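Those sequence lines, one after another, are chains A and B.
All residue numbers for the first sequence refer to my numbering, where the first residue is 1 and numbers rise by one.
All residue numbers for the second sequence refer to my numbering, where the first residue is 1 and numbers rise by one.
Any given hint could be a false lead.
Said to hold, decoys possible - Cut-off 25 Å, straight-line C-alpha distance, at most; resulting in silico cross-link-like pairs (PhoX-like, lysine-lysine):
id, chain 1, residue 1, chain 2, residue 2
1, B, K125, B, K141
2, B, K69, B, K141
3, B, K69, A, K5
4, A, K29, B, K62
5, A, K17, B, K125
6, B, K133, B, K147
7, B, K56, A, K29
8, A, K29, B, K15
9, B, K103, B, K122
10, A, K17, B, K103
11, B, K133, B, K122
12, B, K15, B, K103
13, A, K2, B, K125
14, B, K141, A, K11
15, B, K15, B, K62
Hints were generated in silico from the structure; no laboratory data involved.
A quick note: this is a predicted structure, and the numbers were derived from the prediction, not measured.
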Amino acid sequence: MKTFKLDNEPKIESGFKIPDHYFENFSSKIMEQMPEDEIKVISIFQKRNFLYYAAAVILVIALLIPAVNNWSTNSSEIDSVELENYITYQSNVSQYDLINNLEEEDIKNIKVKIAIEDKAIEDVLSLNSNLENLIVE
Amino acid sequence: MQEEQEFIQLLLDPKTKNHAFESLILQYQRPLYNQIRNIVLNHDDTDDVLQNTFIKIFQNLKNFKGDSKLFSWMYRIATNEALTFLKQKARKSGISSEVIQNKIIENLEADIYFDGNEIQLKLQKAISQLPEKQQLIFKMKYFDELKYEQISEILGTSVGGLKASYHIAVKKIEAFVTAN
Numbered sequence: 001m002k003t004f005k006l007d008n009e010p011k012i013e014s015g016f017k018i019p020d021h022y023f024e025n026f027s028s029k030i031m032e033q034m035p036e037d038e039i040k041v042i043s044i045f046q047k048r049n050f051l052y053y054a055a056a057v058i059l060v061i062a063l064l065i066p067a068v069n070n071w072s073t074n075s076s077e078i079d080s081v082e083l084e085n086y087i088t089y090q091s092n093v094s095q096y097d098l099i100n101n102l103e104e105e106d107i108k109n110i111k112v113k114i115a116i117e118d119k120a121i122e123d124v125l126s127l128n129s130n131l132e133n134l135i136v137e
Numbered sequence: 001m002q003e004e005q006e007f008i009q010l011l012l013d014p015k016t017k018n019h020a021f022e023s024l025i026l027q028y029q030r031p032l033y034n035q036i037r038n039i040v041l042n043h044d045d046t047d048d049v050l051q052n053t054f055i056k057i058f059q060n061l062k063n064f065k066g067d068s069k070l071f072s073w074m075y076r077i078a079t080n081e082a083l084t085f086l087k088q089k090a091r092k093s094g095i096s097s098e099v100i101q102n103k104i105i106e107n108l109e110a111d112i113y114f115d116g117n118e119i120q121l122k123l124q125k126a127i128s129q130l131p132e133k134q135q136l137i138f139k140m141k142y143f144d145e146l147k148y149e150q151i152s153e154i155l156g157t158s159v160g161g162l163k164a165s166y167h168i169a170v171k172k173i174e175a176f177v178t179a180n
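In isolation and in its complexed conformation, chain A is listed as follows:
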């Protein structure tokens, strides 16, 4: 029986085979499982910074409250003096339109006894160049 001597034999390989292209694909297989490169995340909930942000937000809201109130009151009410001025000077509404739109009640309320001196009447009439027209009417 021939004694087997390892040193006398040419190098015996393990006999293991590896699938084709195995190593070419291996590194990408691993890298896919790796987490993304670290991106430093600054949390906005870090306690101290959070307090600053919260204070700033509260301040802004506090400042806005009177402004908001202002807008809301303005939108619902218009100053009556402003309205009068508008109708008198800005609008195309004539006196006749206004009179037509007045109710009986309103006319009664407008009727005001004005005590005017004769002298004052005279002064106004003397200034008015349409005197003849007025006399005719």
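Use these hints to put chain B onto chain A, whose structure you have.
Frame of chain A, contents of chain B only:
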């Protein structure tokens, strides 16, 4: 050593670690594959263990103290992962690691990723008769042609102890092959 120190820094720096790790994989995938395959014997299992090994390496880079070379540290991880895999496989089947290994050896001929001729098959069978550590030492020296100093760093056994272990292994293998 200087080069290795610089490389380790690249592996630890968050900006460069992914790129450095990919180059580490390319450099060491074959030797680590061979080390694992020597232990677990079939390709699919080797693929699983090799992936786990690299993931473990990546996760533990920050713990690498540099008191051994990088490759020895990685080889050690690969070896431990492979041995653990065998033990788990055995536990799941309810049989010992040795029996598992014998089963794999018996199936080797039918394994599509084993193209061994008669002598190669006989050698594998002979090796499987050896105690676990002796098998490892023999395979690392004979198949992978690592130096005794490298094997010593990986397994933690003295060079003298390794030489003795290897020679005993050779004798046993020769006796087995002669008899079979």
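How the hints compare with the structure:
For the proposed pair B/K125 and B/K141, the alpha carbon gap of about 17 Å is at most 25 Å, so the pair holds. With a C-alpha separation of about 19 Å, the suggested pairing of B/K69 with B/K141 holds against the 25 Å cut-off. At most 25 Å may separate the alpha-carbon atoms for a hinted pair to count; B/K69 and A/K5 exceed this at roughly 35 Å. The suggested pairing of A/K29 with B/K62 holds, with an alpha-carbon distance near 22 Å, which does not exceed 25 Å.
Restraint check for A/K17 and B/K125: the C-alpha separation of about 17 Å stays at or below 25 Å, so the hint holds. For the suggested pair B/K133 and B/K147, the alpha carbons sit about 16 Å apart, so the restraint of at most 25 Å is met. At most 25 Å may separate the alpha-carbon atoms for a hinted pair to count; B/K56 and A/K29 meet this at roughly 15 Å. Between the alpha carbons of A/K29 and B/K15 the distance comes to roughly 21 Å, so the proposed pair stays at or under 25 Å and holds.
This hinted pair checks out: B/K103 and B/K122 have alpha carbons roughly 14 Å apart, not beyond 25 Å. Of the pairs offered as hints, the one joining A/K17 and B/K103 holds, with about 19 Å between alpha carbons and a cut-off of 25 Å not exceeded. Pair hint B/K133 plus B/K122 holds up; C-alpha atoms about 20 Å apart against a cutoff of 25 Å. Distance restraint check for B/K15 and B/K103: the Cα-Cα separation of roughly 47 Å exceeds the 25 Å cut-off, and the hinted pair is therefore not satisfied.
Proposed proximity of A/K2 and B/K125 is supported: the alpha carbons are some 19 Å apart, at most 25 Å. Note on B/K141 and A/K11: the hinted pairing holds, with a Cα-Cα distance of about 12 Å set against a maximum of 25 Å. At roughly 14 Å between alpha-carbon atoms, B/K15 and B/K62 fall within 25 Å of each other, so this suggested pair holds.
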